[in-house]
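**Student:** Residue strings, one per chain:
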Amino acid sequence: MNAPYAPVLEALTRLRGIRGALVVSGSDGLVVAESLIGGLKGGPLAAVAATLAGRAIELAGRGGFGAPRFLHLQADDGALLVAPAADLLLVAVAGRDVALGLLRLEMLRTAERLR
Amino acid sequence: MTEDIRALSAQYAADPSSLVFLRLGEALRQRGQSDSALKIAVQGLSRYPHLPDAHDLYARILADRQDYAGAFDEWDTTLRLSPHHLGAHKGIGFLYYRAGEPEQALYHLRVAASLDPEDAGVRLAVERVGGGQEIWDTPLPSEPPRDAPQVGTAAPAQWEPFAGLEGSRDRLLLVDQDGLRLGGGLAAPDGRNVSDEAAAMLAGTTREAGRAARMLELGEWSHFTIESAEVSACLLNPTGDTSLLAAMDAGLPAGQLSFFADRAAKAARAWLERVR
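Protein chains in written order, with numbering that gives the first Met the number 0: chain A, 0 to 114; chain B, 0 to 275.
Since no wrong hints were added, every one of them can be taken at face value.
To give a feel for the contact side, a few chain B residues facing chain A, derived at Cβ under 8 angstroms:
1) A187
2) V193
3) E196
4) A212
5) M214
6) L217
7) W220
8) S221
9) S227
10) A228
Just so you know, these hints were derived from the structure itself, not from any lab.
These numbers come from a predicted model, not from an experiment.
C-beta: ideal position from N, C-alpha, C; glycine also.
Looking at chain A on its own, in the form it has when it is part of the complex:
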């Protein structure tokens, strides 16, 4: 793990139900740092998150929404969460039974520190 980011990622993955957290380069979708649990693979996860975030950022730009600060893809078996932080993306994958409100707050705070 990239040392400067280790504490923030460990703080996130300590939350119940979190399957992994990453810091991703927003421009190329490459992993900067990762803390993953179970079978999650950092590279594909980073690429998927960066592509989806790129789409969302472009849509927000065209719609005049202002800069996105938090993205949340909710699915039956879990959620993908992304907090853009300047050129970086803070990414987390959560399982089904997760306190999303708490995780969202934690990610927004962490993203603020990463800026």
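Assemble chain B onto chain A, guided by the hints.
**Tutor:** Showing chain B alone in chain A's frame:
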């Protein structure tokens, strides 16, 4: 006319980025093929969002479909891009007259008449709205405030998927799988109509959301929420071949957004069942 449409369609197919879509869309509109005309106009607008004639064409099609509020928005955009656009002044004049606002109607019709003095139809309309021949002796007044006419502007229910829902025209947007707008609309916080620009991105974004959920083995996705500085938006698929965007001011409780989107999705599904 059939020959014209065939030839224009061939030209358009050979070069979809050319301006022939304007003539093709108008030919289809005049032929009464409103759905085809609408599709061509929206495709053209997605390529030329700042072309006044493209907005004028779209407005005429919307007016034919009795979506008068939508037509007003498009002619208003046309006049912002090109203040002396003859078609837009005629169109907005017609809408004001129809809405029982003769002062605004007369202003735009007189501007249209000054732009094309040979247009007998416009001169007749000016005389009718102005109450007689003497109107030509009166100097053209300054433009009255251009607010959307309020009477009879609502689109008929069969063309409004979100009729009766809050934000039905500026906060809810329904598109098909090609990113073409099916209903609703989206306004940016500064009031700009950004419906078609957002529509062009919406279907691709929901496809990407589905791909992400599959690749990460998260199961079937239900909502994709974008919290932004000024506006938050919730995206979902009301049906397999449509995408919906529901937007709220960023200051409102985040948890309400998915409820709002779900209500809109239910309305969209009911509408799709009716119109298909």
